[in-house]
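> The listed protein sequences correspond, in order, to chains A and B.
For the first sequence, the numbering used here begins at 11 and goes up steadily by one.
For the second sequence, the numbering used here begins at 11 and goes up steadily by one.
Treat the hints loosely; a few may be bogus.
As the list claims (entries may be wrong) - Partial pick of chain B residues on the chain A-facing surface, computed with a CB cut under 10 Å:
id : residue
1  : Asp-314
2  : Lys-338
3  : His-453
To be verified - Stretch-level coverage of chain A by chain B, calculated; a stretch enters the list once three of its residues show a Cβ under 8 Å from a Cβ in chain B:
id : region
4  : 287-298
5  : 316-329
6  : 346-358
To be verified - Computed footprint of chain A on chain B, listed as stretches where at least three residues anywhere in the stretch have a Cβ under 8 Å from a Cβ of chain A:
id : region
7  : 270-278
8  : 360-368
For the record, the hints were derived by calculation from the structure and aren't laboratory data.
For every residue, glycine included, the Cβ atom is placed at its ideal position computed from N, Cα and C.
2 protein chains.
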Amino acid sequence: MLPEEVTEYLALHRQEHLEKLFEVLRFPSISSQSAYEADSLACAEHIAEHLRGLGFSAELHPWRKHPIILARSTPEIADPSAPTVLFYAHYDVQPPDPVDLWTSGPFEPTIRDGAIYARGASDDKGLLMSCINGCEAFIRTVGRLPMNVLFFFEGEEEIGSPELEDFITATADDLKSDFAVVTDMGFFAPGFPTIMTGLRGLVYLELTLNGPSADLHSGQHGGAVVNPLNALAKMIAAMHDETGSVTLPGFYDDVVEPESVELEQWKSLPFDEGEYADFVGTALVGGERGRSVLERRWSRPTLDCNGITGGYQGQGAKTVLPACATAKISMRLVPNQRPEKVLDAFSEFVSANTPAGIRANVEVLSRSRPFVVSPDTPAVGAVGEAMREAFGAETALARAGGSVPISELIQRVLKVDPIVTGFALPDDNIHSPNERLQLEQFHTGAVAAAAMLNNLAGLK
Amino acid sequence: MLPEEVTEYLALHRQEHLEKLFEVLRFPSISSQSAYEADSLACAEHIAEHLRGLGFSAELHPWRKHPIILARSTPEIADPSAPTVLFYAHYDVQPPDPVDLWTSGPFEPTIRDGAIYARGASDDKGLLMSCINGCEAFIRTVGRLPMNVLFFFEGEEEIGSPELEDFITATADDLKSDFAVVTDMGFFAPGFPTIMTGLRGLVYLELTLNGPSADLHSGQHGGAVVNPLNALAKMIAAMHDETGSVTLPGFYDDVVEPESVELEQWKSLPFDEGEYADFVGTALVGGERGRSVLERRWSRPTLDCNGITGGYQGQGAKTVLPACATAKISMRLVPNQRPEKVLDAFSEFVSANTPAGIRANVEVLSRSRPFVVSPDTPAVGAVGEAMREAFGAETALARAGGSVPISELIQRVLKVDPIVTGFALPDDNIHSPNERLQLEQFHTGAVAAAAMLNNLAGLK
Numbered sequence: 011m012l013p014e015e016v017t018e019y020l021a022l023h024r025q026e027h028l029e030k031l032f033e034v035l036r037f038p039s040i041s042s043q044s045a046y047e048a049d050s051l052a053c054a055e056h057i058a059e060h061l062r063g064l065g066f067s068a069e070l071h072p073w074r075k076h077p078i079i080l081a082r083s084t085p086e087i088a089d090p091s092a093p094t095v096l097f098y099a100h101y102d103v104q105p106p107d108p109v110d111l112w113t114s115g116p117f118e119p120t121i122r123d124g125a126i127y128a129r130g131a132s133d134d135k136g137l138l139m140s141c142i143n144g145c146e147a148f149i150r151t152v153g154r155l156p157m158n159v160l161f162f163f164e165g166e167e168e169i170g171s172p173e174l175e176d177f178i179t180a181t182a183d184d185l186k187s188d189f190a191v192v193t194d195m196g197f198f199a200p201g202f203p204t205i206m207t208g209l210r211g212l213v214y215l216e217l218t219l220n221g222p223s224a225d226l227h228s229g230q231h232g233g234a235v236v237n238p239l240n241a242l243a244k245m246i247a248a249m250h251d252e253t254g255s256v257t258l259p260g261f262y263d264d265v266v267e268p269e270s271v272e273l274e275q276w277k278s279l280p281f282d283e284g285e286y287a288d289f290v291g292t293a294l295v296g297g298e299r300g301r302s303v304l305e306r307r308w309s310r311p312t313l314d315c316n317g318i319t320g321g322y323q324g325q326g327a328k329t330v331l332p333a334c335a336t337a338k339i340s341m342r343l344v345p346n347q348r349p350e351k352v353l354d355a356f357s358e359f360v361s362a363n364t365p366a367g368i369r370a371n372v373e374v375l376s377r378s379r380p381f382v383v384s385p386d387t388p389a390v391g392a393v394g395e396a397m398r399e400a401f402g403a404e405t406a407l408a409r410a411g412g413s414v415p416i417s418e419l420i421q422r423v424l425k426v427d428p429i430v431t432g433f434a435l436p437d438d439n440i441h442s443p444n445e446r447l448q449l450e451q452f453h454t455g456a457v458a459a460a461a462m463l464n465n466l467a468g469l470k
Numbered sequence: 011m012l013p014e015e016v017t018e019y020l021a022l023h024r025q026e027h028l029e030k031l032f033e034v035l036r037f038p039s040i041s042s043q044s045a046y047e048a049d050s051l052a053c054a055e056h057i058a059e060h061l062r063g064l065g066f067s068a069e070l071h072p073w074r075k076h077p078i079i080l081a082r083s084t085p086e087i088a089d090p091s092a093p094t095v096l097f098y099a100h101y102d103v104q105p106p107d108p109v110d111l112w113t114s115g116p117f118e119p120t121i122r123d124g125a126i127y128a129r130g131a132s133d134d135k136g137l138l139m140s141c142i143n144g145c146e147a148f149i150r151t152v153g154r155l156p157m158n159v160l161f162f163f164e165g166e167e168e169i170g171s172p173e174l175e176d177f178i179t180a181t182a183d184d185l186k187s188d189f190a191v192v193t194d195m196g197f198f199a200p201g202f203p204t205i206m207t208g209l210r211g212l213v214y215l216e217l218t219l220n221g222p223s224a225d226l227h228s229g230q231h232g233g234a235v236v237n238p239l240n241a242l243a244k245m246i247a248a249m250h251d252e253t254g255s256v257t258l259p260g261f262y263d264d265v266v267e268p269e270s271v272e273l274e275q276w277k278s279l280p281f282d283e284g285e286y287a288d289f290v291g292t293a294l295v296g297g298e299r300g301r302s303v304l305e306r307r308w309s310r311p312t313l314d315c316n317g318i319t320g321g322y323q324g325q326g327a328k329t330v331l332p333a334c335a336t337a338k339i340s341m342r343l344v345p346n347q348r349p350e351k352v353l354d355a356f357s358e359f360v361s362a363n364t365p366a367g368i369r370a371n372v373e374v375l376s377r378s379r380p381f382v383v384s385p386d387t388p389a390v391g392a393v394g395e396a397m398r399e400a401f402g403a404e405t406a407l408a409r410a411g412g413s414v415p416i417s418e419l420i421q422r423v424l425k426v427d428p429i430v431t432g433f434a435l436p437d438d439n440i441h442s443p444n445e446r447l448q449l450e451q452f453h454t455g456a457v458a459a460a461a462m463l464n465n466l467a468g469l470k
């Protein structure tokens, strides 16, 4: 059990921890837009400085455009011979668009109705700070951590952690850990602390179709040339068949169905299709026919268009035949699909479906493999128990449809089964306007993080 | 024949006429964007003031968002008992996007390689000014015009002249004319002055598909709900069949084929498919199979997507399932298709093809009927002869694929067959970056306009 002084400390320092979080939330650390590189760097430096103040040896490792923060407990705050847990979180955020739908500024954190509203509140700066706060409570009360802690805070998760495998591989010796906890997820439902035993992988790409050498007048030339927008619509439409299945060649070949035990567990989760439909605001008729909603979200691969741009986008009418049109397309992958094989299938499909008069180009923006961990892993039990202690409810085992690329890399490269969990709630509007984190989840998350240290330390 | 002093005057005043045109080109009179309403009004006032200086009674008639300029020759400059010709042109322009592809600013007129570069140079401010200059030459030399002139300059042509029919109907008595010349077109080829005996009509609309009540994370929710972007692609793709024909119910029912005489004429035009393909920069494989390129551009209806907007459009990746997606779609109509019937067919198609989980909305932005005039009309001969005199080459009879809504309204409401012509060249980049008008076309266009007055006056 967690020492009482640790929980007391966290209860007494809520206001201070909130202020520290607000400082971090104010940085517009948007990793997908180069205009914000300086803000991201400033955010990383700010977090590293805070960790140094707690007794960690925090360093920024330049990587691509946004540094990775590695912070290790020093002998002053942890016994060097004790086991080590790697805590992963990310300090970068999604773009806030559409900005006009936010009630308060995305980078002006605001408390409303018991929640912190800001871009990154629940994905993932709030969770990152909860983990730090859990450590701080041990350091400031007991005097030292129950085990060594290695923080791994990334700045490019929201763009798919490109090339992160190279970094992990190159620094594998430094990253050697006994346990790993990835806090970039949330509860399955309010009151249901959750560990995700599976995540989907991701391939994200941009498909561009080029037709005429310049924009043309649609009256003068309409009917003579192939319109890239019409061609793009046709190509995207052909990527699904009438049953909602993806038509890329061999797309489902490597898909492994979940164990029947796992499917049974999912049926016992507090998931009400009607409530979920109300939440998303539309009928649950996407994806493959004949599969349950949770299967479609967790264990079935998808192909979605995340953006289309082409032609005239302003107010009113412009009679233009655009020279080109682009689509951002992502595919969510499940075990044992491989990004490379799926990308080959995509390119093959595009080649076979490009009409005369059009030149197609595919640019890969990110890729990550899917991830699964066995529910029997001892660390699953230890972290699950820590969540139960902090939040006062049994920890559910589920999967998630999103991608946290580090999870699969930790497992494959570092040979440690990471425990993927977190403190966000399903209606926290992550990636959407008015992202938020409930105050209670933020503060109790710190208690949970402290309990994880306590319980994982007891495993070895 | 045109009095020699008139052509001499025009030769001597080229610099002055160029400066006057530049003044008009500097107004960003973009009719589709409400931010430019004041600029449009200023442009109209500037033109009206210039006409007053020449002896016209020019008035701005408030209409929707951009006034219509009506300017009539006073008894000081024309015999009230002489016949009247209505000259139509428009002072509004297309948006300049994409602005970064312009070599010089779209509203900073610049001379390069013998051409005037600016948005509106050839569509339609340059032509508008040539017509005024032709009149000016008569007034300043002969002392009066050979016939009465009524200028009708519109400010909403580029948004499809919405509700213009109401204006024409309400002011039909004032607009009563013996002849009408619509100068919003160009040469079929350099050295080939042209009269357009047919124009396509237009229906322009915005189709919006709404799905989830807010943007969703494509990992968490992908597979559960229908993605409005994927649905939009599918719906647009279904609007054409494999032969390039439009699939809207009854779309081709009212289409009248051109007379075989007309088709024969088109074959004699200096049209080289290879050169045209080089010009547009892509293969000529759009539109309906089994139809010639000129048929597909002039006498066959089309359906084109002019813009798609939805999801994330910025740099890099954002894993979003958008709440909605929109497409701007236009259809070019040919005799005897009717906008209302085509719109009904479109709505019927959308209703029949809207999947579960999606709510569709169609907003009509503009509509105009197709237009044809007989090559035997006497005014066709008089205007064709004027063009021949000015440009020194026989006038060709062709059609155009674009829409100038006024043409059909003049014919149907005012009961006058308008002669549709102009001085632009096919490679003037109208509606595209780097729009231009050749200096020679601008100046000789004024000679042609003067010759039209002379020749039309001789008909009655």
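> For every hint, state whether the structure bears it out.
Now the hints, each set against the structure:
no., hint, result
1, Asp-314, "5 Å, holds"
2, Lys-338, "6 Å, holds"
3, His-453, "24 Å, violated"
4, 287-298, "holds (count 9)"
5, 316-329, "holds (count 14)"
6, 346-358, "violated (count 0)"
7, 270-278, "violated (count 0)"
8, 360-368, "holds (count 4)"
Hints 3, 6 and 7 from the earlier list are contradicted by this structure; the remaining hints agree with it.
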